[in-house]
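Sequences are here, hints too, so could you generate the full structure?
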Amino acid sequence: MKVRFSIVQRRRWFFLLSGLITVAGFIVFLLSGFNLGTDFRSGSRVQMQLNQPVDVGRVEQMLRAGGFSVPQGAITAAGTRGDAVVIRFPTVLSQAQQDTLQRLEKQYFPRSQGADVRTVDPIVAKILSRKAVWAVALASLFIVVYIAIRFEYRFAVAAIVALLHDAFIVMSFFALFRLEVDTLFVTAVLTIVGYSVNDTIVIFDRIRENLKAEKPKTFEELEALVDRSLWQTMSRSINTVLTVLIAAVMLFLFGGASIHTFTLALIIGLVSGAYSSIFIASPLWVVWRGRALPRAATAAKTP
Amino acid sequence: MRWGRFGAFLAIAVAIVGLTAGTALPLWKSIRLGLDLQGGFDLLYQIEPTKGHPLTPSGIQAALQAVEMRVNRIGTGSPVIELENGNQIRVELAGVFNHDEAKKIIGETAELEIYGKATQRKDGSWQPDPKTLLMTGDDLKSDAHWSTDPNTGENGVTVNFKDPQKWENITKAYLGKPIYIFLNGQLLNDPVVRDIMVNGSSFISGGDLTTPQACIELADALNAGALPYPLRLVSQTDVGPSLGAASLRATMWAGLAAVCLIFLFMFAVYRLAGLIADLALVAYAYLVLATFAAAQVVLTLPGLAALILGMGMAVDANIITYERMKEEMRNGKSLQSSVVAANRHALRTILDSNTTTFLAAAVMYWVGQGDIRGFAVALMFSILISLLTAVLLSRAMLLLLVRSGAVRRPWWLGGPKGAVSR
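Residue numbers (full-length UniProt numbering), protein chains in the order written: chain A, 1 to 303; chain B, 1 to 422.
No lab work stands behind these hints, which were simulated from the structure alone. Some hints could be false.
To be verified - Straight-line Cα separation of at most 27 Å, DSS-like style, residue types lysine-lysine; simulated pairs: (1) B:Lys104 x B:Lys166; (2) B:Lys103 x A:Lys106; (3) B:Lys141 x B:Lys172; (4) A:Lys212 x B:Lys172; (5) B:Lys162 x B:Lys122; (6) B:Lys117 x B:Lys51; (7) B:Lys103 x B:Lys117; (8) B:Lys131 x B:Lys103; (9) A:Lys106 x B:Lys333; (10) B:Lys131 x B:Lys166; (11) B:Lys141 x B:Lys131; (12) B:Lys117 x A:Lys215.
Claimed, not checked - Example chain A residues on the side facing chain B (calculated, C-beta under 7 Å, incomplete): (13) Phe142; (14) Val202; (15) Asn239.
Beta carbons: idealized from backbone N, C-alpha and C, even for Gly.
Next up, the structure:
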């Protein structure tokens, strides 16, 4: 990479940007919360692969014909081509109701491929959401311990701040755009957590290596060292996120409707992960690690 | 140019491509697909303790066994029956079959009770006198079968009692009197005992047992034994078979498109070295298939997504190495020593970054369930296999290629055009 500017010196801008996004996300959370899928709420979720553009009016007509009543906004289009429909029933559908629905589906949408029906009891949903929170918390804990052993605790904390930042950005995005949150979303957040750390560690590893060759005596020297490390690993950071993004975008565009929101979460998380490793984690570490070092300005005035 | 080394390099490349092209398809066919990919039925039952009958580990095991026997009666291929959270049973049935029937068979108990006395309620139904309970389904041998009454031709079920003596005593005591046979609390029949039965065998008929089909179902249910606890269906997922196939096809196409683009990208950026990374990627995909087939891991949609994303991580290991190699070249090292140095430096980075992701996956497997577990297993496998292919295999191939002397200009390995090196 030839273009070089000091990333670490511009850290205030990056901190400000991420801070603003985080605060905005937090406000959205407080105002509206998540659009929880049936995995986390009791009721039935029916997904039909219609293989034709979803006409909400016709779906409503079908439901009325079967004597079903669903609240406003319970019918949504899914899939890249908008050819699948997701209907959310606040109550658990009985087997007879499911049969009626499938019969009507064939009648109203002859090209459909059949329905995917999910029913969850509130108790199961509660266990599931508790497990999701535990998984994120425990994964973070294990990662902190591992990095603290292999590197040092300041790296560990900076990496965790970056990964929480990524997880939070994805969650805010989903809250803001009212995208459905299901168990696969939890999987996506956990993957993002893994990738974010993976990405950060490659950079930290280079900083660690450069630190072995020279010991910075002033804050500015430390800044310069970290900047050099960032630019040395820049091609790798960009190329890697590009290849993983290729996979994620292809899955998003052509993969099945059931992993649609999953891959969307991944794409956002991957971009955020690449950004935070470079612009948040490393500058954060410099600020913390550099507190003990004298500033070059004072050192330069007293030669 | 050392032809021996170059030959070895070519041999590995040909072996990878040949092996994959030759055996990938049968291997793919032998992989067990999750029900989200081939259609099926996922049921989660809560084992409910009853009054005076709290959950015990042995009781839960018995419930699990009873469910297994019931599921086997449905006769679908390779069902998955697992105990979850200590008090839930998950049943996964893939393939095409009657879902209603399956649910009925798994969840319903065939509770047979024979009473000596019963009274008719006002609404016409019968109420057994609990004090006169003579026999239950537990007293039966598990060889109940459908038969017809030789005299009347009536359909029914022949049952055999474990203790013929006990049955003989009952028939002695009730000779000439009626006994009341209840199935699931409903009066099935109230035959009058006409003979003393000495062989411990009896014929049950009446109620709904009019067709051979109904008799066979009851016989099967009696043979499967009573569930030690009632089961409550708490969650069910029902995927139509054609929908599953559509998801599989869509995800496979997406994977293929991703592979092609990654191949092109790597070749464009790292040229011959990129080609080695692509070959390693083919080997990765092949080994993943082989591992899934051998370990009998069920491949689900999230699992497939994890594998395709794992590919990205496998490529990352190569990118880290190649970027390092380019740096070493820029610092003026020869081609060969650049490769050696890059491999040495990159290994620690790759190990550290993969370990952390592996840890996250392991935690997911440990804490999660269902979809989360399927994803975690696939991620862990893909990390381990990518370490083999992207580190060991591609490193060996790169070294062979460079040491053979076939490549002299760093440009061929993604390095700068003008740099001179030996």
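(request) Against chain B, run the beta carbon of Asn239 of chain A and see if the smallest gap drops under 7 Å. (result) Hint on Asn239 of chain A: holds, closest Cβ of chain B at ~5 Å, below 7 Å.
(message) Against the 27 Å threshold, does the CA-CA distance of Lys117 of chain B and Lys215 of chain A hold or violate the hint?
(response) At roughly 95 Å apart (the allowed maximum being 27 Å), Lys215 of chain A and Lys117 of chain B break the hint.
(message) Can you confirm whether the C-alpha distance between Lys212 of chain A and Lys172 of chain B stays at or below 27 Å?
(response) violated (96 Å)
(message) Need the status of pair Lys106 of chain A, Lys333 of chain B: alpha-carbon distance at most 27 Å?
(response) Violated, because 69 Å separates the two Cα atoms, which is more than 27 Å.
(request) Would you check whether Phe142 of chain A satisfies its interface hint, that is, whether its CB is within less than 7 Å of any CB in chain B? (result) holds (5 Å)
(request) Take a quick look at whether Lys162 of chain B and Lys122 of chain B sit within 27 Å of each other, Cα to Cα. (result) With Cα atoms ~36 Å apart, Lys162 of chain B and Lys122 of chain B exceed 27 Å; violated.
(request) Verify the proposed pairing of Lys104 of chain B with Lys166 of chain B, using a straight-line Cα cut of 27 Å. (result) At roughly 32 Å apart (the allowed maximum being 27 Å), Lys166 of chain B and Lys104 of chain B break the hint.
(request) May I ask you to test the interface hint for Val202 of chain A with respect to chain B, counting a Cβ-Cβ separation under 7 Å as satisfied? (result) Hint on Val202 of chain A: holds, closest Cβ of chain B at ~5 Å, below 7 Å.
(message) Please verify whether Lys103 of chain B and Lys117 of chain B have alpha carbons no more than 27 Å apart.
(response) violated (33 Å)
(message) Holds or violated: Lys103 of chain B and Lys106 of chain A, Cα atoms, limit 27 Å.
(response) holds (23 Å)
(message) Please verify whether Lys131 of chain B and Lys103 of chain B have alpha carbons no more than 27 Å apart.
(response) violated (33 Å)
(request) Sort out whether Lys131 of chain B lies within 27 Å of Lys141 of chain B, counting only the CA atoms. (result) holds (24 Å)
Hint check: violations occur at hints 1, 4, 5, 7, 8, 9 and 12; the rest are consistent with the structure.
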